[in-house]
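Starting from the known structure of chain A, fit chain B onto it as the hints suggest.
Sequence order for the protein chains is A and B.
Quick note on numbering: the numbering used here labels position 258 of the first sequence as 258, and the sequence is numbered without any gaps.
Quick note on numbering: the numbering used here labels position 231 of the second sequence as 231, and the sequence is numbered without any gaps.
Just so you know, nobody snuck in bad clues.
Keeping only pairs whose Cα atoms sit at most 25 Å apart, straight-line, the calculated DMTMM-like set for lysine to aspartate or glutamate is: (1) A/176 with B/192; (2) B/216 with A/270; (3) A/71 with B/121; (4) A/71 with B/225; (5) A/273 with B/225; (6) B/267 with A/158; (7) B/226 with A/270; (8) B/233 with A/79; (9) B/226 with A/69; (10) B/175 with A/158; (11) B/226 with A/70; (12) B/326 with B/56; (13) B/233 with A/70; (14) B/220 with A/270.
A short, non-exhaustive set of chain B residues, derived as facing chain A with CB atoms under 7 Å: (15) 95; (16) 96; (17) 98; (18) 99; (19) 196; (20) 201; (21) 202; (22) 232; (23) 235; (24) 239; (25) 251.
What follows is a set of in silico ranges between Cβ atoms, one per label pair, in the way DEER data are often shown: (26) B/75 with A/34: 53 to 63 Å; (27) B/279 with A/169: 43 to 53 Å; (28) B/363 with A/276: 49 to 59 Å; (29) A/54 with B/363: 46 to 56 Å; (30) B/175 with A/168: 22 to 32 Å; (31) A/61 with B/121: 23 to 33 Å; (32) A/34 with B/242: 52 to 62 Å; (33) A/314 with B/61: 37 to 47 Å; (34) A/54 with B/61: 29 to 39 Å; (35) A/141 with B/91: 17 to 27 Å; (36) A/41 with B/121: 51 to 61 Å; (37) A/122 with B/175: 54 to 64 Å.
It is worth saying that the hints were derived from the structure and are not from the lab.
All residues carry an ideal CB built from backbone N, CA and C; glycine is no exception.
Listed below are the residues making up each chain.
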Amino acid sequence: MSSSTGASLSDELPDPDGRPPLRGDDANTGRAGDKVFGGLAIGSGIVVIAMVVLIAIFLLFQAIPAIGDDKVNFLTSREWNVSGRRFGILQMLWTTVVTSVVALIIAVPFAVAIALFLTHYAPRWLAGPAATVIDLLAAVPSIVYGLWGVIIVAPKSEGLQNWLSDVLGWFPLFAKVPSVGGGTTMFLVSIVLAIMVLPIVTALTREVFSQAPAAHQEAALALGATKWEMIRTAVLPFGKPGIISASMLGLGRALGETVAVLYILSALPDSSKWTWSLFNGGDTFAAKIANSASEFTGGTSTGAYIAAGLVLFILTFVVNAVARVVIERRKAFSE
Amino acid sequence: MKITRIGRASSVAVVAALALAACGSSSNNDSSSSAPAGGSGSGAAAGTATASGAGDCFSGSLNAAGSTAQQNAITQAISSYQSKCNGAKVSYNGTGSGAGITSFIAKQVDFAGSDSALSPDKGEPAKAKAACGSDALNLPMVTGPIAVAFNVKGVDKLNLTPDLIAKIFSGKITKWNDPEIAAANKGAKLPDTNISVFFRSDESGTTDNFTNYMNKTAPKIWTDEKSKKWTGKVGQGKSKTAGVATAVKATDGGIGYIEWGYAVQNKLNFASVNGVELTGASAGKAVEAAQVVGTGKDLSLKLDYTTKEPGAYPIILVTYEIVCSKYADATKGKNVKSFLSYMASPDFQKTLEGVGAAPLPAEIQSKVVDSINSIS
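Chain A with its partners taken away, still in its complex shape (with noise of 0.2 Å):
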């Protein structure tokens, strides 16, 4: 590998055309290319670096005296009221996390099942055009996931979500808000989350699945084992740490996400009541900036949204650092 100049045993060797052998300088690409390479990778990760840093430091800068100019607690509070300098993340954290893990707790199931039939189950004919749909499904615009949820699905979903939430209605999660109608509710956009984040989850945990050593597979059947008893023991074992590294940025996705949301979800009025529901409206970090952003004018309002991003930004920061974290951890397992 380190041998720049390309000099090896084989070039002392004649061609089997019969051309003599290559001499060790003529083989050498040049190190000119080596440095010029090097360089361009080390500076593409030093640019990296820095963005981050700086995005970092921009949002530090614009938050900390908003949050100061804040009069109620800026991490219990409820209210939202920037131009009366009270306001709190509380209802937009709660929204934020419950759609997005709700959306995950969905989605990985139904991903590492279609990972699997399309690693295990399906034809070859099939597994390659069947990928590309569900990869497709990711290059999907998130408006159009928005517009159709709220045009099509909200209105249909209404009679399932009053249905479960009045059989379900005596577990907080599912307690019924009769304030919040037409289905626009946070339970609608964890199902649209979970469409959104599939593609993503699928793709890496296909990936992983596909690698699980034939060996492992191999010996599982040898010793008797059926296909489901073949995956239960030698494929997803292995792919359980890409599972979750996959899980971790599908969620990263999730937090993220702003257009789909802003459409379907119902913002609350303020001092509305506190409720455990899924069937409640709310705001997300992204959605209400997004929302609010046109009329952002600088000083302590505008503040105010980037601490709120801030939040966000931290958020998403430690669920991409567990998947790291995760992702490292996998290498244990890989030989």
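Quick look at chain B alone, frame taken from chain A:
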């Protein structure tokens, strides 16, 4: 992955489209330079309804940004102005009033559209003055009536009083067949549907004017001061006018306040207020009742929501164009003058009803023309 290939193809398409667009606009400019340039727009007697610059064209470009409430109207003005003057390029970016004023102060745009006049509380007139090097003027240009749109099965016509509006939007009346609503609508068959209130979840001038209206006409019921952000205790928030319109349309028993144009576009029914139906003329009457509070050439209006003027539809929103009284670049001033003169001309104002805006009443219109003529 296939996505990469699709991405590559689409990026090629985007580049190609940009390249074509660039070609398109540059060829426009080429043809425009040969078009006759507009004359200087001065000289017409002030106070007449025809603007001095109305017949003139300029060649070059003009950038503006701001309120979305007047976007339909100004888009219409731009397209008819440009078809008349093919050397002129005017662009308007509906970024919202706040963002429009911010860009105006930062000298990024030549004039701003806003649904409220520059606010002294925020120090905006002073900042704008510093940016212009002269006083900035608020010129009322487009009247946007606010429709109270509703969707109740079997009900096409609905009459509301200011008290009823405030009670419905504050959640004090929750059923469509409430006796108070029935009393205002004799003979109408009102169903036993729940009222679903929809409001704007983003900060907006529409909310500002609507809450102001309720606070001024029914102060005991709607106690909150006007606010760009919805301060009500009930309802579901939807993003932008389009979101509210969609929600009202989709919900039986829904009611919301939206700009008239959107109500018409979405074929929504909208309520009369005190028996006065919303039309261009009835909204215009409410503008006539407004009082000019701006000094000099500045024409900030103070709307009179409690107007007793017969036949006036009182829930209106007036959008302003915010301009410098004297532009540092004289050509810019001439261009702004030429375009706004066209927009204020009676010929154009009378077409506004088609996009859901009301024409300015003659008295205000002539004052606006007068102010535009003073721009240099």
